[in-house]
Amino acid sequence: MSDTAAVSVRGLTKRFGEVTAVEDVTFEVRPGRIVGLLGRNGAGKTTSLRMLLGLSRPSSGTATVFGRPYADLPDAARRVGVSMDGIAPMPGTSGRRDLRIWARMLGLPATRVDEVLDKVGLTGSADRKIKGYSTGMRQRHALAVALLADPELLVLDEPANGLDPDGIRWLRTFLRSLADEGRTILLSSHLLSEVEQTVDDVVILQRTLRYSGPISELVPGSGTSLEERFFELVGTEAERHVDA
Amino acid sequence: MREVLNAEWLKAWSGRTWWIMGALGVFLGLLGSSGAAAVADQQIDSGATDAAAATAELIRSWFSVLLASVLFGALFVSREYNTGAISRSVLLCGSRTRLLAAKTIVGTAMGLVFALLAAVLAPLSLWGFFTLFGMDVQWSGEATLTLLGVLTVVTLAVPWGVLLGWIIRNQAASVTIVLVVTLFVDETLFRVLPAVGKFTMGIAMGAVYRDAKPEMLSIPLALLVIAGWLVLAGWTARRLLVTRDVK
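Protein chains in written order, with the working numbering: chain G, 3 to 246; chain B, 36 to 282.
Wrong hints could be hidden among the right ones.
Which chain G residues face chain B? A few, computed with CB under 7 Å, are given here [claimed, not checked]:
no.	residue
1	Leu57
2	Pro76
3	Ala79
4	Ala90
Since the hints were made in silico from the structure, they are not lab data. A virtual CB, placed ideally from N, CA and C, is assigned to each residue, including glycine.
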C-alpha cells in the first residue's frame with residue numbers, strides 16, 4: 003500500500019442555489035485507518051461523499067481517491083467499495099441476483115457472490131427478494147456489494163443505521179477485521195457512541211470542517227466523551243436556534 | 036464494455052418490467068388484431084377490401100407492441116433513478132458514456148426480443164382470427180413488407196424509450212410523457228399540421244410499417260427521420276448524463 007492519502011479533500015464546497023451544503027472542507031484519510039465522518043443530519047456528510055465519488059460536481063475545491071478524482075482513477079470500481087445511503091439494489095431482485103448483476107459489471111466470477119454473502123452472513127437469505135429484507139439485512143447486503151471487488155478503500159455512508167444492538171456489534175467487529183486486513187474505511191455516521199468505539203480518526207462536519215484528526219487527540223482522557231467534544235465543536239441544538 | 040453489457044443484459048431480465056411489458060405488448064397486439072379481423076370481415080362482405088389487403092392490415096395492427104417497447108426502454112433507465120441504483124451503475128461502469136451506450140445497445144437487443152415475439156404472434160393471430168371469422172388468409176408482398184416494418188419499429192422503439200428515460204430521469208414522468216407523446220401529441224400534430232407532424236417519431240414509424248395515411252414520408256426518408264431523432268436524443272441524453280449530478 004502506498005503512502006499516498008487514500009482520500010484527500012481540499013477546499014470542497016457545494017452550493018445548491020442559495021444554500022451552501024458543504025463549505026471549504028479539507029481533510030485527508032490515511033491508508034489503513036478507519037475514519038469516521040461525523041455530523042448531524044444535513045451536515046453535508048453524504049454530499050461530501052458523493053463529491054468524493056464523482057456523483058456530484060463540487061462548486062469549488064477538489065476531492066481525490068488515491069491521488070486522482072474517482073472518474074480518472076484506473077480500476078476505480080475495483081479499488082473503492084461503496085455503500086451509500088440512497089443507493090438501493092436493483093428493483094425486484096433477490097439478494098443473490100442483485101449481487102450477480104454488480105459482479106458481472108465488475109467482471110467477477112459468480113463464486114465471488116457466494117463468498118461475500120458468506121462474509122456478511124446472508125447466505126441463507128440470498129434467494130429472497132430484497133424488498134422483504136429487514137433494515138439490518140439491507141445494510142449487510144449493501145456491505146456485500148461494497149466488498150465484491152475486494153477493495154482497498156471502503157466508503158460507507160451510515161452503515162449502522164437501522165441496525166439492532168447485535169447488528170451494531172457485528173458491524174464493529176466486521177469493520178475492524180476489514181481494517182486489520184489493511185483496508186482503509188471512511189464511514190459517515192451520526193451515531194457518536196458507536197463511532198467512538200470503532201474509528202481511529204474522526205472528521206467532524208457541520209457544513210464547515212470542525213475537526214479532523216485522531217480520535218485519541220479529540221477525546222484524550224477517560225473523563226471526556228466524543229459526544230461532549232462533538233457538541234463543543236458543532237454547538238447544541240439550542241445554540242443553533244439562538245444563532246439562527 | 037463487455038462486462039457492462041453483460042450486467043445490463045441481466046438487469047433487463049430482472050424484476051417485473053420485462054414480463055409486464057411483454058404481456059402488455061401481447062395484449063395490445065391481440066386487441067388490435069382482433070379488431071382488425073372484425074373490421075376486415077365486414078369490409079370483405081361489403082366489397083370494400085380484399086383478403087390480401089385484410090391480411091396485411093391485421094399484420095399491421097401488431098405495431099401497437101411498440102408502445103410496450105418504448106415503455107420498457109424508458110423504465111429500463113428511469114427505474115434505476117427511482118431507486119438510486121443508477122448511482123451504483125455509474126460508480127461501477129467505468130464511465131457514464133459507456134453506461135449510456137451499454138443500456139442503449141442492450142435496449143436494442145431487448146427490442147429485437149419484443150420484435151421476435153410480434154413476429155411469431157402476428158401470423159398466429161392472423162391464422163386464428165381469420166379462421167374464427169371464416170376468412171381466407173392471402174399472404175402477399177405487402178404483408179411481408181408490413182411485417183418487416185412492424186418488426187423494425189418495435190425494435191427501434193426500445194432504444195428510443197431508453198434515451199427518453201435518460202433525459203427524463205423519473206419513472207412516473209417518463210411513463211406519462213411516453214404515453215402522451217406516442218398516443219396524443221404525434222397524432223394530433225399530424226392531423227393539425229401534417230407537413231410538420233409527419234416528421235415526428237410516431238408518424239415516421241407509421242410510415243415504416245406502411246400505415247396508409249396521406250402525406251406520410253417514404254420509407255427511406257422515414258427511417259432517416261427515426262435515425263435523426265435517435266441521434267438527437269442520444270446527444271441530449273449523453274450531455275445531460277455527463278454534466279448533471281447523479282441523484
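Worksheet entry | Structure-inconsistent hints, enumerated in ascending order | The structure conflicts with hint 2 only, although it agrees with all the remaining ones.
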